[in-house]
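Visitor: Read off the chains here:
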Amino acid sequence: MKELKYPFNVEYLIKNKKKIKKELLQKEGLLEKNIAILGGSTTSEIKNMLEVFLLNYGIKLTFYESEYNKYYEDAMFGNPELDEFKPDIIYIHTTNRNITLYPNMLDEEEDINKMLDSEYEKLAKIWDKLSDKFGATIIQNNFEYPYYRLLGNKDVSDIHGRINYINRLNNKIYEYANNHNNFFINDINYLSSCYGLDKWSNQFYWHMYKYALEVPAIPYLAFNLANIIKSIYGKNKKAFVLDLDNTLWGGIVGDDGVENLAIGPEVPSGQVYEEFQEYLKEHKNLGVILNVNSKNEYENAIAGLNHPAGVLKPEDFIIIKANWNPKNMNMKDIAEELNLGADSFVFVDDNPAERHIVESSIEGIGIPEIDTPENYIRIIDHNGYFEMTNFSKEDLKKSELYKDNAKRSQMMATFDNYDDYLKSLKMKAEITTFKPIYLERISQLSNKSNQFNLTTKRYSLADIENVASSEDYIKIYGKLEDIFGDNGVISVVIGHIKGNELHIDLWIMSCRVLKRNMEFAMMDELVKKAKEKDIKTIYGYYYPTLKNKMVKDFYDLQGFTLENEDEKGNKTYKLNVDSYEEKNNVIEVER
Amino acid sequence: MERKEIFERLNNVFRDVFDDESIVVTDATTSNDIEDWDSLEHINLIVAVEQEFGIKFNMGEVTTMKNVGEMADIIEKRVK
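Protein sequences appear in the order of chains A and B.
In this text, residue positions in the first sequence follow this note's numbering: the first is 1, and each later residue adds one.
In this text, residue positions in the second sequence follow this note's numbering: the first is 1, and each later residue adds one.
Keep in mind that the hints are not guaranteed to be accurate.
[Said to hold, decoys possible] When the alpha-carbon atoms are kept at most 27 Å apart in a straight line, the in silico DSS-like pairs for lysine-lysine are as follows:
| hint | chain 1 | residue 1 | chain 2 | residue 2 |
| --- | --- | --- | --- | --- |
| 1 | B | Lys56 | A | Lys210 |
| 2 | B | Lys66 | A | Lys210 |
| 3 | A | Lys238 | A | Lys435 |
| 4 | A | Lys19 | B | Lys56 |
| 5 | A | Lys70 | A | Lys19 |
Calculated from the structure, these hints are not laboratory results.
Pulled out of the complex, with its shape left as it was, chain A reads as follows (with noise of 0.2 Å):
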């Protein structure tokens, strides 16, 4: 929805809320989860605007928020509601003001060294405890400065000093963020001054109303807290489609010649091409993925990427359509080729009139409302549509995959039998119990599969992490490689035990490898498994959504009989073990 992309129209949003969330509950498919917010100061605000703009993103949140203040209490001695309530997701939102002991002057730096400890120690074990208890993804405001200094510029680099203090406090804050896994900063610190601290702390609000940020700031804090719950929950972009005349650099190519365009160090507009080309460039590191979409010919797009002073190359992109077919089409035709989601792309371009029409046409795109291109790189930026919280080492890895597809599909269409093809790849799969090296890939395919997902349940890292250390559960993940490249984790599942019999609560695999057989190759190992452990009878289950219509006839292919369909389509199969016959005869599995 267009009102909540960042920058945002406050005015609107503060009068319109009710009205935009009525709306938003319209949509079909949305994720349900439980956050509770713990706070320091006022919350309700924050709460009604994070539930928009999660809605936006097709979450929609439950939500328990602790009495003005309590946190601490809540957190540490319980709460019966909240006991009940069982948390997905804990909030804590403390500022500043919640900071109970700051140095004085005449304190000794052992003192105050003391004093950050105790702070510190306050905070850390409310994470520690609020994640015992409900194995619940917590994410902590850092703390912003304070609004004065009583030591002026000093107030930084002087022990004695509330700046330093906060600095030192957030520190120690990032620490344990770096060292505990389901635990993630909203950074407030960096947000306010984005925002204008002055604003951000307008003391009207604290003394008024008790909020610790003035009441207009709130959207900014809410879509920043809605970023890392949508990353959490699988819902990041995944890729950048972008325009090329006067959005990658100044000019018409076409029309102003190669030599003409405004791009490298001479001029500053061209300076500010250059530097959103380098922008664009590191998002490749991120595994974002590079595509074009510009009404060009051809020869033309690519010389002007071959431009001696851009940044970015033919080569840097996966797939470049530059044609004259209309902008909508050209986009859907760039999802097919590289089996994602339409709505997983973020789409660039200076024109508002191509913005609308690939936007009235594909739900859920992202599209920023850029401006002048020296405001590109804040704007797309501040969006938040790469927002990293469980980052895999093979995100590094994710546009060479992307290209070693490619060849992939280069390479089938010189042979004429399918099999043939698929053991021309000399695949090789390993398929196993889950491993702890892997959890944090595992949880991340279980949030951002879609299509080839039979149950579409989420799990969170924590839940995988419970799942990895129970022995009620066969868990297995799939690797495959092949003459091409490596592609990493790519299938999981997972069943519960209940006697003789497995239910597989998951059934999940990317896009990617589709056609390669490693499903069956994953049930053969299923199946062995499930032997090992007197299972008898499995157990498969299929809950269609908008999305993963490919996979209905799934347990039929795999040999599982129908039990029972419902009148929503979701079917229940049944399998005999022992008549199970094993499939796989092109991939080479490592157990």
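Based on these hints, arrange chain B on the given structure of chain A.
Guide: The following block gives chain B in isolation, referenced to the frame of chain A:
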């Protein structure tokens, strides 16, 4: 600005904030007359009114204002 215009604009703000098209505010309207008007919504209402008229209420004003009429008095003085 005419008092009539102030009330028209106030009325729109109230309808938006409380998402209720049936609201008609008068000089005598108080939080007792509107169901959702609790202390938390009051904050949002104040912010929305400030933004509508491009003014800022100070703490003294917000704490002493007793009804919509008094709110309109302050707006009237400020925007002249």
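Visitor: A separate judgement is required for each hint: does it hold in the structure or not?
Guide: Hint-by-hint comparison with the structure:
1. B/Lys56 - A/Lys210: Holds, at roughly 18 Å.
2. B/Lys66 - A/Lys210: Distance of about 21 Å is within 27 Å: holds.
3. A/Lys238 - A/Lys435: 26 Å, holds
4. A/Lys19 - B/Lys56: 25 Å, holds
5. A/Lys70 - A/Lys19: 31 Å, violated
Going through the hint list in order, the structure does not satisfy hint 5, though it satisfies all others.
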